[in-house]
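Engineer: In the order they appear, the protein sequences are chains A and B.
Residue numbers are given in numbering that gives the first Met the number 0: position 263 of the first sequence equals residue 262, and the series is strictly consecutive.
Residue numbers are given in numbering that gives the first Met the number 0: position 300 of the second sequence equals residue 299, and the series is strictly consecutive.
Hints in this document: simulated from the structure, not taken from any laboratory.
In this text, a Cβ means the ideal position worked out from N, Cα and C, and glycines have one as well.
Take these hints with a grain of salt, some might be off.
Stated by the list, open to error - Label pairs and their in silico Cβ distance ranges:
#: 1; chain 1: B; residue 1: 85; chain 2: A; residue 2: 52; range: 55 to 65 Å
#: 2; chain 1: B; residue 1: 85; chain 2: A; residue 2: 195; range: 46 to 56 Å
#: 3; chain 1: A; residue 1: 28; chain 2: B; residue 2: 189; range: 51 to 61 Å
#: 4; chain 1: A; residue 1: 71; chain 2: B; residue 2: 55; range: 45 to 55 Å
2 protein chains.
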Amino acid sequence: MRCGIDIGGTKVLGIAVESNPLEPAAETKTRTVYDKDVLIESIIGVITGLEHQAGKPMGSIGIGIAGIVDRRGTLRYSPNIPGVVDLPIHEIVSERLGRPIRIENDATTAAWAEHLIGAGAGSENMLFVGLGTGIGTGFVLDGTLHRGWNGFSGESGHMTIDKNGPVHLTGARGPWELTASGSGLARLASRFASEGKLDSVVELAGSVDEIDAEHIQQAVEAGATDVLDLLDEFAIDVGIGLANLIHLLDPEVIVIGGGLVDLGDPLLGAIRRRTESFVLGGRHRPAVDIRAAKLGSRAGAIGAALLAPDPTPG
Amino acid sequence: MRCGIDIGGTKVLGIAVESNPLEPAAETKTRTVYDKDVLIESIIGVITGLEHQAGKPMGSIGIGIAGIVDRRGTLRYSPNIPGVVDLPIHEIVSERLGRPIRIENDATTAAWAEHLIGAGAGSENMLFVGLGTGIGTGFVLDGTLHRGWNGFSGESGHMTIDKNGPVHLTGARGPWELTASGSGLARLASRFASEGKLDSVVELAGSVDEIDAEHIQQAVEAGATDVLDLLDEFAIDVGIGLANLIHLLDPEVIVIGGGLVDLGDPLLGAIRRRTESFVLGGRHRPAVDIRAAKLGSRAGAIGAALLAPDPTPG
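This is chain A alone, in the form it adopts within the complex (with noise of 0.2 Å):
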């Protein structure tokens, strides 16, 4: 049995693994935090969450983290996850636990997930797009899963669209995720519902100082328009930045993962049309297949549980 844990900027999600990733044998969450030492305990907290749980050991451990790490299973550096730098957690945990371990960024296992089982199945030139708090991106190239020289390779979210742009908190302006993840949808639904753009939502909220993702789903699976009008705006710079996904990789399929997949179809076919319209030459060339991720939530960890090493014999 392996395991395979994703973590991410607030939670930490762990699931052990027999044959079938899809039915994990046990699961465990926890929340994710910000100290060296204490993220090590939480780490093999999980394993030995998920050991007592399914009643056997795991031989492999397969770790999906949301930051970039180096071939060499370090953390060094995550605008996620603060205070943490420079982490050896390969070097850590497998001489605390001896077994074998792996670890890459947490879009990089996800990605990896939705080609093998997900909706990315079939096509050997796939990019997954995690629209979360933030922008998570890992590529599928030829068939292979592209980690880059160090390791650190599909960091778009960081990719500067709007060099005039707001600054993000990394001190960035303008970059993607500043915009087009889910954070930016909450501060795009705040502008509109303060200038009267979005009563529905509003109306659902009670106030426009409350409104959170929740009023904007029932607000779209109610089929109020003023929330679709907000979704084809948000949906512009979710576009800019797939387009220029496109124009350097020349994929075949996105997935679309993250948070912000659950609203739906509305969502999509807007940023279909807007990711389109971006793309140059679209007349001669064959649209990119842009889908819905189908492993949700838990595709860090199914990728992270698809990358574990062998166990070694015992």
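Model the placement of chain B on the given structure of chain A, informed by the hints.
Structural biologist: Showing chain B alone in chain A's frame:
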């Protein structure tokens, strides 16, 4: 003997290669024509010309062309060769000549040349960025030439970096090549000159309206300080785009080619500084090596010759 042909937006360069691509047995230049039929005749003419010069038939043909070329060797669309769309060059030329042919984008062939025998030799993760009239790029990832689903990979010049910026001749707002190419530098120089901030260059040119690349080059060589300010300002947008490529693809080496590379270290130094300032987590990742191309304006043709198929045995 094989030949390599680079069809750019203004010039066509053909070389005939026996064994060492750096010492072509023959070379021929002509102007690019913007008509389907004439373009085909011009390609045949270049090949025939090389055969006359070299005194031998060309056993196989490699072509790099400025535009998006699919895996069947059809030029789908080219902003640089207006009026020529959906032209099945591979099919027509191989039918006419009965010899093996391979056709790729010209920045893709240049990337391959710089990777095999140029400035990128020894690196498995190398991006070629040609700063010319526009920007063309080609990617070597994990040691192989990346072509993408259709063969359209590497169209980085069309990447949006300024979503509210001015409109390019392609119709797009704020693409990278609008401000970070040779044309972008020329526009910036005009602005600097008309604001009285580029006297060294204006003096060499005679008047603001007569400034061209040659005068900028001369001012750089004369060590004028105002032209260094120009290059430093220009390097901002080059650096924004390069940082985007670094975030996405995590290369070890970026090879800068195209006409602008003749501006030498003053430009490259500014590009290195600016790029580094835009890369997130810079202190926690090794610096990318940004180098000048080695093969100059012949890179595209050399790469085309290197990619030409093995001649079919007579």
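Engineer: Hint by hint, note whether the structure agrees.
Structural biologist: Structure-based check of each hint:
Here the CB-CB span from residue 85 of chain B to residue 52 of chain A is close to 59 Å, well matched to the stated 55 to 65 Å. Range check, residue 85 of chain B to residue 195 of chain A: Cβ separation about 48 Å, and the 46 to 56 Å hint holds. Distance hint check for residue 28 of chain A and residue 189 of chain B: the Cβ-Cβ separation is about 59 Å, which falls inside the suggested range of 51 to 61 Å. As the Cβ distance of residue 71 of chain A to residue 55 of chain B is approximately 52 Å, the hint placing it in 45 to 55 Å holds.
Every hint, counting from the list given before, is met by this structure.
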